[in-house]
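Engineer: Produce the complete structure using the sequences and hints provided.
So the sequence lines, in the order shown, correspond to chains A and B. Each step along the first sequence adds one to the number in the UniProt record's numbering, with nothing skipped, and position 38 is 38. Each step along the second sequence adds one to the number in the UniProt record's numbering, with nothing skipped, and position 472 is 472.
Just so you know, the hints here were simulated from the structure itself, not pulled from any lab data. Every residue, glycine too, gets a C-beta built ideally from N, C-alpha and C. Misleading hints may appear alongside valid ones.
Claimed, not checked - Sample of chain B residues at the chain A side, in silico, Cβ under 10 angstroms:
#1 N34
#2 Y37
#3 P50
#4 K54
#5 A55
#6 A378
#7 R379
Claimed, not checked - If you anchor each label on the Cβ, the simulated ranges turn out as follows:
#8 A/Q221 / B/K82: 24 to 32 angstroms
#9 B/K82 / A/N341: 38 to 46 angstroms
#10 A/R171 / B/K82: 43 to 51 angstroms
#11 A/P109 / B/K134: 55 to 63 angstroms
#12 A/Q221 / B/H102: 48 to 56 angstroms
#13 B/K134 / A/Q221: 20 to 28 angstroms
#14 B/K82 / A/P89: 57 to 65 angstroms
#15 A/L346 / B/K134: 53 to 61 angstroms
#16 B/W106 / A/S161: 52 to 60 angstroms
#17 A/V200 / B/W106: 51 to 59 angstroms
#18 A/N341 / B/V31: 22 to 30 angstroms
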Amino acid sequence: MASVGDGKVSLRKFEYPMCAVEALTRLETLIASRNKQNLAMQIISEFIFLERAKDGDVRKMQTVGGISQMNIYQEFQLILALIDYFSRPGRDDTRNAIFLSLFGSHLTPQRSRLLSRLISTAVSGSVAPLLSSAGTWMQQVGCKTQPSLEVAQNIVSDFISFSRKTPEQLRHLPLVGPHFAANFMVAVADLYLNEKRGGVLTPPPDALLDVITEWTTENPQLCQAPQQPLVLPAGAIAMPFTTPLAGLLRWVVLAPLVSNRQAYSNLHLSLLHTLLKTVNNGESTPLHAQDLMQIVTSLQKYCAHLVETKVAPEEDAAYIKCMERFAQAVQIALSSNYITNHIQLLCVLETLPHHALMKIVLAAHKKL
Amino acid sequence: MPSQFSIFAVCTSLITGVCKFSFVAITMTSVDENEMYMVRQAQSLRKTDPSSAKAWILTAKTLYPNAFNVQYEAYLLERDAKNSEMAAQYFSLIATNFTNQHAELWQEVNALTSALRNETENTPEQEFYVKMYKHLTPEVQHSIFVHTISNCGDNLQQCIHSYILMFNKFPKTAVTQAPRLLEMLAEGMKADPDVYQRMLVEEVLPLIQNKPPELNPVLACRLYTNSLEYYLRQIMDDEKCDTTEAWKNIFKVLMLCGQMMGWEPFLPFSKQVNQNVYWDKLVKILRGSPAGSSQVLFYATTLFIYSLHGYIRKLRIEDAEVSHVLVEGFIEWTPEGGEVQSMDWTPEGAEVQSMEPPKFSATTAISQELSEAFLHAARCWQLLNTEQFQRNFSQLMLALPLAPWISRFLFDLAIYFGHRDEANKLMADMTTQSTLVQSLQILSLNLMQGSMTLQGFQCILKILAELPATSGQLLENISLKSHRHMIFLPLTKIALIQYCTRAITSRLSRMLFEPNCSDRLLGDLLALLQLNPDKDILLKQHIFNLITQRKSFNLHILSNYIIATDIIEELAYIWNTQQQDDVNFELTGSPTGSGASGGANTPAAAAAAQPRRIGTRGADKGARDEFKSLIRQQIARCNEHVPTLVANFITQEHLTLVQHIFGMAPPVETIVIK
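Structural biologist: Set out below in structure tokens:
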């Protein structure tokens, strides 16, 4: 079946993981040419992930996914080979293309597990080129899609949940891989204090909150970090960047409903500074009114609950604190001309129970 | 028609004007309220949740970018967080946008300037202000000082501090602003000289030193006088004061003020420079200046005070081991010279000579320096008391705290010139002197007249009663042949005894040439002359001649007071030769018993308690042996301390001495040592 020309024969002569290493080198040329995508996928599957289709048909593996025969030692060897490969000097577009080929948007559980481990290892080892490719990958597959969320979740478990002290490598991530860090924030922001997930507001782990606060405080440009265009192979369409601001603002605004940690005040202030500094000059990614609607929805739901229990929202301390932060964020975002479609937002905000500052803010912007 | 129309137009404009005004007023109040509401929210969170407080202020700033309260609160938040860089940013904003209508801002400006004033010893809070200041732009820094100065109002001290601070931080401003500051200092000195003199000298002058501003001459002179006063007080009041440093500074200020007034520059200070160099320079300037010119006045005054200080310092213990006192020196009297007044006495008898000032005897190692310092000061003093300077100089002297030095100097000057009456008057001004010095000065004044007085003698007794512990040594040249001279007498035991003894001997020695001088006089003189065995050889010879000429000679005091080998040998020789010549000569060596009380302690005195007559006739062989043994006894005492012996002699035998000098015994009470 395998033709002599496709090079599989020569690859078969190598033991694992040498065949994987060799395959990666070959992939560089295969990926460059459009009509060899299939072959590339086959090589990846066979020589890198050691997958085999259930019915033995290699061609089906691409869509269905094969059953891997890798043992845990081989997985370890593969991660090392990949780290080594991505650490080598080379073109960014090639590296990104290979990363996207290795880990597409539909991942087998095995590849997904490998990806998470690979990225955690890259974070630990501060492997900047790999993190850069991972950042591109996240944006291309979507930061809030399942694969991205899984990666994010895995980083949280590896570095936050099972770590007593936040490792330096994670704290310095914005310096090593700003793009990846920003996308990671988008994903992780979606994981917590999000009613869409299970209908309850789950606060992020304290250490995670602290790390994010530190990141945004010390790197005010981080939320706009991925402004540089993605380096993709010719013909590929870059997916738009989502700023982590919307998700993080949801955190700080809704936090009073579940937590009164001071850390939220700090993160809030840091976000306000970011909003203030990134005056919309047409280049930075704006906040869509839609992004903030989710906050409104959650607040409305909370107020409805208050009314049910015969408590006036205007006198509820948590609600007041939420609105205080919300109004501050809206005011500063508006003053920076940072929100698109803001009229719609203002109209919705007006429907919320009274809050003094929000009233001032709305009054100030309605005039305009 | 046109008039009606115009009235209408005015009315409408009035109405719209009113409307506009009220509208503005209403929005202003609601804006103010909102603004205050947000500031209050921030304030309530400032301590508990500074991040939330900052969030409020950040929001308020986007809503009310021109509100002082908001900006100020923003500043306070950064200040409280010790965030010097951010605080500086807000401070700059406030300082440039809101100039002077806010009390809170002034409080901060004052805190800032006072922290800058003493950067070395600041509290942590003040250190923050210093740090913040460093983050301000130079423009803002400068405007802070300008505003502080213009807002000081009546607070002179604060205003001066602000100027000083500004000159420190912006040296260029000193050139134009220094005159104003100096005027203020002069103003302040009227009320509180100590504080403002210190500020002038310690803080302001160093700032303008390199580029002195143009100043009105009266002010410049006044500032110099003030600086001089400050340093003089330092020199006088502070024992640890480095006087060389102080004088270096005085000369520096003098140069500076001279520069401001366009004077010919004087010489810089150096301790090594001989005073003559300064004097020559002064004379040179004097020649090129109009009469009574202020540059000469100030240069000469400074030089005078410098010399005066040198003189006073050398007189006192500061520079030498003992203090010195200027006293009249003795003139060796010879019978050929006759009974002339010492002042007028000259070999030629010419009157011109008497006009010449006295010389200084080289009595001690420091005499030369002392006399030079004195003469330098005297020279300046004389120049400054010429008609051209006198008035201004005396005014200057009144302004300066020199009284204790001047009174001593003037007294010394008076005795130097032989102005006895003036010296007597000045004596009253010298209140700080010890009684020893005072007694010595009165004695010297009495001696100036040439003869011993009762008062002078009383002084001798007082001096001997309070002799200092420092032993010292015999002085050279306290008595000279020819010319009136002055002595810097060190206040040591031996020097004082020597001076007192010399005062008595120089009087008594003249009496030798009077007919029928008593045995007692000859004996007492011998006792006194023991002090300096190598001197007065001729006088001693004369005494021995007189003794030899007599048939009998009673040396009452022999056993008590005569121990000098040369005198005893001479007496023994006389006794022996008279014996051989077989002349009827008697030499008695017995005390009178009544007068000598102090000597009774010595064994010799006890042995000779009984009156003895030792004849040369050979009748009394036992007596002869006794005389010999007495002589031996006295020679055995030759190691006793002669000055003490002589001092005791004067004290114990003062009644006899008074009798010698003044003819008859004065009432005992007058001799009592007070």
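Engineer: Run every hint past the structure and note whether it holds.
Structural biologist: Going down the list of hints, with the structure as the test:
1. N34: holds, 5 angstroms
2. Y37: Holds. Min distance 7 angstroms.
3. P50: holds, 8 angstroms
4. K54: Since chain A brings a Cβ to about 5 angstroms from B/K54, closer than 10 angstroms, the hint holds.
5. A55: This interface hint holds because 5 angstroms falls under the 10 angstroms limit.
6. A378: Constraint on B/A378 not satisfied, violated at 79 angstroms.
7. R379: Where the cut-off is 10 angstroms and the nearest Cβ of chain A is about 78 angstroms from B/R379, the hint is violated.
8. A/Q221 / B/K82: 24 to 32 angstroms: Given a distance of about 25 angstroms, which is inside 24 to 32 angstroms, the answer is holds.
9. B/K82 / A/N341: 38 to 46 angstroms: With Cβ atoms ~42 angstroms apart, the hint holds.
10. A/R171 / B/K82: 43 to 51 angstroms: With Cβ atoms ~24 angstroms apart, the hint is violated.
11. A/P109 / B/K134: 55 to 63 angstroms: The hint (55 to 63 angstroms, Cβ to Cβ) holds, given that A/P109 and B/K134 are roughly 60 angstroms apart.
12. A/Q221 / B/H102: 48 to 56 angstroms: Violated, since A/Q221 and B/H102 (Cβ atoms, about 35 angstroms apart) do not stay within the stated range.
13. B/K134 / A/Q221: 20 to 28 angstroms: holds, 27 angstroms
14. B/K82 / A/P89: 57 to 65 angstroms: violated, 46 angstroms
15. A/L346 / B/K134: 53 to 61 angstroms: violated, 44 angstroms
16. B/W106 / A/S161: 52 to 60 angstroms: holds, 54 angstroms
17. A/V200 / B/W106: 51 to 59 angstroms: At 54 angstroms between Cβs, range holds.
18. A/N341 / B/V31: 22 to 30 angstroms: Check passed, 28 angstroms falls within 22 to 30 angstroms.
Violation of the numbered hints given earlier is confined to hints 6, 7, 10, 12, 14 and 15; the remaining hints are satisfied by the structure.
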